[in-house]
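> Based on the hints, put chain B in the right spot on chain A.
Chains as they are written, first to last, in the working numbering: chain A, 266 to 373; chain B, 2 to 874.
Everything hinted at is true.
Simulated coverage check for chain A against chain B, where a stretch passes if three residues somewhere in it have a Cβ under 8 Å from a Cβ of chain B:
no., segment
1, 282–294
2, 308–315
3, 336–349
Below 27 Å or equal to it, Euclidean Cα-Cα: the simulated DSS-like pairs (lysine-lysine) are:
no., chain 1, residue 1, chain 2, residue 2
4, B, Lys67, A, Lys321
5, B, Lys67, A, Lys344
6, A, Lys293, B, Lys11
7, B, Lys542, B, Lys732
Think of the hints as simulated: they come from the structure by calculation, not from any bench. Virtual Cβ for every residue (Gly too), placed ideally from N, Cα, C.
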Amino acid sequence: MKETRLGEFEEVILLLVGILDDDAYAFKIAEEFESQTARSVSIGAVHSTLNRLSEKGFLNSEMGASSPERGGRRKRIYKITALGHRVLTEAKDFRVSLWNQFPGLANG
Amino acid sequence: MVKNNNTPPKLAERLLLCFLREELAEEVLGDLDEKFYGLAANGSTWQARRNYWYQVLHYLRPFAIKSISSKTRNIMLINHLKIGFRSIKSSKAFSIINISGLALGLASFLFIMLWVNDELQMDAFHSKSNQLFNVYQTVEEQSGNLTGSFETPLGNAGAILLDSAESEIPEVKMVNHYATGYELPWGFPKTFRLGEKLFKLSGSRASANFFEMFDYPIIAGSKQAAIKDISSIAISRKMALMFFDSPEEAIGKTLNYENNLDFQVQAVFEDVPQHSSLEFDYVINIENQILRKVEWASHKIITTYLLAEGANPDEVSRKLSAYLSNRVDENSGNKVSIGLQPFKDQYLVSGFDNGKPANGKMAYVKLFIAVAIFILIVACINFMNLSTARSVKKGKEVAVRKVVGSSKSLLVQQFLSEFLLMTLMAFALAVLIVFSLLPAFNQFTGKQIELPLTELWFWGSLLLLAFMTSFAAGAYPSFFLSALIPARILKGTVRFSKRSRLFQKGLVVFQFCLSIMLLISTVVFTWQTNYIRNSNLGYDKENLIYVRIEGDLNPKYDLLRKRLNSMPGIALVDRSSEAPHAMNFETADPINWEGKQEGHVVSFKPVSVGFDFTKIMDLQVVEGRAFDRNIASDSNAFMINEIALKEMGIKDPIGKWISAWEKKGHIVGVLKDFHTHSFKQKIKPLVVDVKEDLYFGEVIVRTEPGKTKEALASMEQVLGEINPDYPFSYKFLDAEYMKLYKSEETVSNLCNLFAGLAIIISCLGLLGLSMFSAQQRTKEMGIRKVLGADAGHILSKFSIQFLVLVAIAFLITVPLAWILMNDWLQGFAYRIDLSWWIFALVGLVILGITILTVSFQSFKLARINPARTLRLE
Numbered sequence: 266m267k268e269t270r271l272g273e274f275e276e277v278i279l280l281l282v283g284i285l286d287d288d289a290y291a292f293k294i295a296e297e298f299e300s301q302t303a304r305s306v307s308i309g310a311v312h313s314t315l316n317r318l319s320e321k322g323f324l325n326s327e328m329g330a331s332s333p334e335r336g337g338r339r340k341r342i343y344k345i346t347a348l349g350h351r352v353l354t355e356a357k358d359f360r361v362s363l364w365n366q367f368p369g370l371a372n373g
Numbered sequence: 002m003v004k005n006n007n008t009p010p011k012l013a014e015r016l017l018l019c020f021l022r023e024e025l026a027e028e029v030l031g032d033l034d035e036k037f038y039g040l041a042a043n044g045s046t047w048q049a050r051r052n053y054w055y056q057v058l059h060y061l062r063p064f065a066i067k068s069i070s071s072k073t074r075n076i077m078l079i080n081h082l083k084i085g086f087r088s089i090k091s092s093k094a095f096s097i098i099n100i101s102g103l104a105l106g107l108a109s110f111l112f113i114m115l116w117v118n119d120e121l122q123m124d125a126f127h128s129k130s131n132q133l134f135n136v137y138q139t140v141e142e143q144s145g146n147l148t149g150s151f152e153t154p155l156g157n158a159g160a161i162l163l164d165s166a167e168s169e170i171p172e173v174k175m176v177n178h179y180a181t182g183y184e185l186p187w188g189f190p191k192t193f194r195l196g197e198k199l200f201k202l203s204g205s206r207a208s209a210n211f212f213e214m215f216d217y218p219i220i221a222g223s224k225q226a227a228i229k230d231i232s233s234i235a236i237s238r239k240m241a242l243m244f245f246d247s248p249e250e251a252i253g254k255t256l257n258y259e260n261n262l263d264f265q266v267q268a269v270f271e272d273v274p275q276h277s278s279l280e281f282d283y284v285i286n287i288e289n290q291i292l293r294k295v296e297w298a299s300h301k302i303i304t305t306y307l308l309a310e311g312a313n314p315d316e317v318s319r320k321l322s323a324y325l326s327n328r329v330d331e332n333s334g335n336k337v338s339i340g341l342q343p344f345k346d347q348y349l350v351s352g353f354d355n356g357k358p359a360n361g362k363m364a365y366v367k368l369f370i371a372v373a374i375f376i377l378i379v380a381c382i383n384f385m386n387l388s389t390a391r392s393v394k395k396g397k398e399v400a401v402r403k404v405v406g407s408s409k410s411l412l413v414q415q416f417l418s419e420f421l422l423m424t425l426m427a428f429a430l431a432v433l434i435v436f437s438l439l440p441a442f443n444q445f446t447g448k449q450i451e452l453p454l455t456e457l458w459f460w461g462s463l464l465l466l467a468f469m470t471s472f473a474a475g476a477y478p479s480f481f482l483s484a485l486i487p488a489r490i491l492k493g494t495v496r497f498s499k500r501s502r503l504f505q506k507g508l509v510v511f512q513f514c515l516s517i518m519l520l521i522s523t524v525v526f527t528w529q530t531n532y533i534r535n536s537n538l539g540y541d542k543e544n545l546i547y548v549r550i551e552g553d554l555n556p557k558y559d560l561l562r563k564r565l566n567s568m569p570g571i572a573l574v575d576r577s578s579e580a581p582h583a584m585n586f587e588t589a590d591p592i593n594w595e596g597k598q599e600g601h602v603v604s605f606k607p608v609s610v611g612f613d614f615t616k617i618m619d620l621q622v623v624e625g626r627a628f629d630r631n632i633a634s635d636s637n638a639f640m641i642n643e644i645a646l647k648e649m650g651i652k653d654p655i656g657k658w659i660s661a662w663e664k665k666g667h668i669v670g671v672l673k674d675f676h677t678h679s680f681k682q683k684i685k686p687l688v689v690d691v692k693e694d695l696y697f698g699e700v701i702v703r704t705e706p707g708k709t710k711e712a713l714a715s716m717e718q719v720l721g722e723i724n725p726d727y728p729f730s731y732k733f734l735d736a737e738y739m740k741l742y743k744s745e746e747t748v749s750n751l752c753n754l755f756a757g758l759a760i761i762i763s764c765l766g767l768l769g770l771s772m773f774s775a776q777q778r779t780k781e782m783g784i785r786k787v788l789g790a791d792a793g794h795i796l797s798k799f800s801i802q803f804l805v806l807v808a809i810a811f812l813i814t815v816p817l818a819w820i821l822m823n824d825w826l827q828g829f830a831y832r833i834d835l836s837w838w839i840f841a842l843v844g845l846v847i848l849g850i851t852i853l854t855v856s857f858q859s860f861k862l863a864r865i866n867p868a869r870t871l872r873l874e
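Only chain A is shown next, with the shape it has when bound in the complex (with noise of 0.2 Å):
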């Protein structure tokens, strides 16, 4: 059986194909990624997530179109599915469900 929980840096990797939309695909999301949080990581790396990810039946993906910046060759859409979602909200109500129970805010 496949793997079906969420790691950090695939939750937001999950999280930026999102937000990204249209425009998720690896290079793009690489990007985003490092200027959002400030830390670089390889194309690769990304990559090979969003292949994990869609092995686990949260993304889907499909060619997009191409443009004369890539030497004519096309993008790899990536698009979050009905599971993805789930997951990523399950993922979130935990985190609320875990802030709620710290003492220090909980009862603030």
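Chain B only, in chain A's frame:
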């Protein structure tokens, strides 16, 4: 054309495409380009290019890499191995030659490396080994001559090196000094007694902290107390068990030393391991030497420092030299500086060159590493040549494979795996050989080497070696075979291109160059060793037995001499202050003589002997006469040797006076030069006098030829009467003399062995090559025969090609070997002359072996029946 830097690096792109899955190529290349042009737009093309590489390398991830189905791979490998096995089996003779040749080479390589490894292990077992340094001094004489010595100088300078170094130089954490004897590493055997138990054991004196600096583990008693004062002694497990039931029981007990002093056992240490260059069974405090005169001071004092971790020995030696020069008032005008040698080097580097430690056994270690590599190369070349030659047979197979669509890389894989298979078989065989012959090898070299079978590094390096060998040996034939053009092969037979034939011949020549080099070196080496062993020493070393003067042997010498002379088997008795083959003591103490020039210094070896010395040693007197017991004044007389006469610069020496050590007398005779020590050194000036009271040295007994047994029995009886407190122990002079050349002997034996092996391996190669050449030329020879050539003609026609190669190798090697050997011989004071006939002899031997090897095939060729070989034409 200007190179356009504004595109992504082509090489990186190509690399990416090598491993990237094809279906990912478009998107990934697109992404990378976008990244590249984005960065390039910001101005830094160089950074963009660098980043491109970075991105490419980060695509080395499982998901992105082309998958090679492991299943097909396994099948391929099994297939390769199967085919490999079949092909090895299909030509048995060839495979046996090839595999056994390589196995022999590898076994030799392993043997040599085990030996070298063992030599390098010497003294490395001390845990602080990297911080231990021996002090040596370099003396610059007024003449500018530099001499070095490990001996700690006596007097002022020595006291500073020993005592103040620790307090004055912060890097010096601990100082130890110990005495080493001239003859044995650690002194002459001494007699210990406990009740009725009497044993002779050798040991040394050292500073109290000896066991803290060096790792000789204490198994009973305490490290600190071991030799803390002059009445303490530390003994080995072996020695403890000689006197007591267990090491623990020994602690606190008293042993009597030389019938003189009592020592209390404070510690028992584990027997000294074989990788220790210091060998001893007991250690006593070095103060004994000064305070209690336990021994005549014929010992070198060696000083060893323990430096702080990370201290720079060069800096410490500079500080020491500076410190010393400020405090030592030397009138001699010689400049003394101090150096430090790593303690663990002392075994291999024991000589001096230009005042710095150099020479010693290190030369042999280097020599043998070279020999090991030589042999491995020879074996690899063999393998290469034979395999290439065999492609005659393989050609068709290759062609067919190619025609049915096998790729070049697949063929290379196939051949490489076949070679790997052969190499592995050779390795297995080699390990087997080494394993089974190791005991013999140990006996041969006097070592106790064990195969490190449990060590991972051993197997690791073995495997690495196997892969390297199979690649080195198999690469050329594999590529050669895979590059054959099928159309041509299928048309006729394989024809080697001129270039590859030349290459092959070159390899044979090179291989023989190495073998001939080894052979010549071995012959010269053996010759020199034999020369040393059998040369006329100037005295007769046979039938001489000597016994150390100890106990009552000196005071009762006259009685001893009379008693012995009347016993069976004994021809003559005399004494000498030093053993005749090892007169090592040398002095520059001023010796005066009649007619001596002011400031003329000659360094003499002084020897004190009995009246019959000349007779017992069978020395020749060239001028004057020998000492005579019946001439009263002869107790003050001197004799000198020819070299001394020359260096003293006097004429008509007989009757001239000499004064030495408060003794003045006349020269009564001049001795013909004889070798007083190892043949490696030049004969030194000798001054001989008669001493009536010789409390150290040796009693020398000449036995009647063939009556050694009776003589020994007589000696045991007489010595037991006269000197009952000391066990009877004796040495044969000729045997002791041989010990001086033990390392040369071993090296010479090893050289013989390995040169022989190299020749055998080379010949195996030649045999294989001639086999294939014969196969190739069967038809040609058949035609020759049909046309009327006789067997002799065919024989010579065939053999000559190989003889030419070997002859070329010989001609190339001889001048080189001549230069190298001449250089090596310069290191000996007495040496053989290189003469042309040594080389001629080697040439003849090589020629003979070549003819023998090749003729086997030639005869086969000459005897063939042309009707059969030409049938198919």
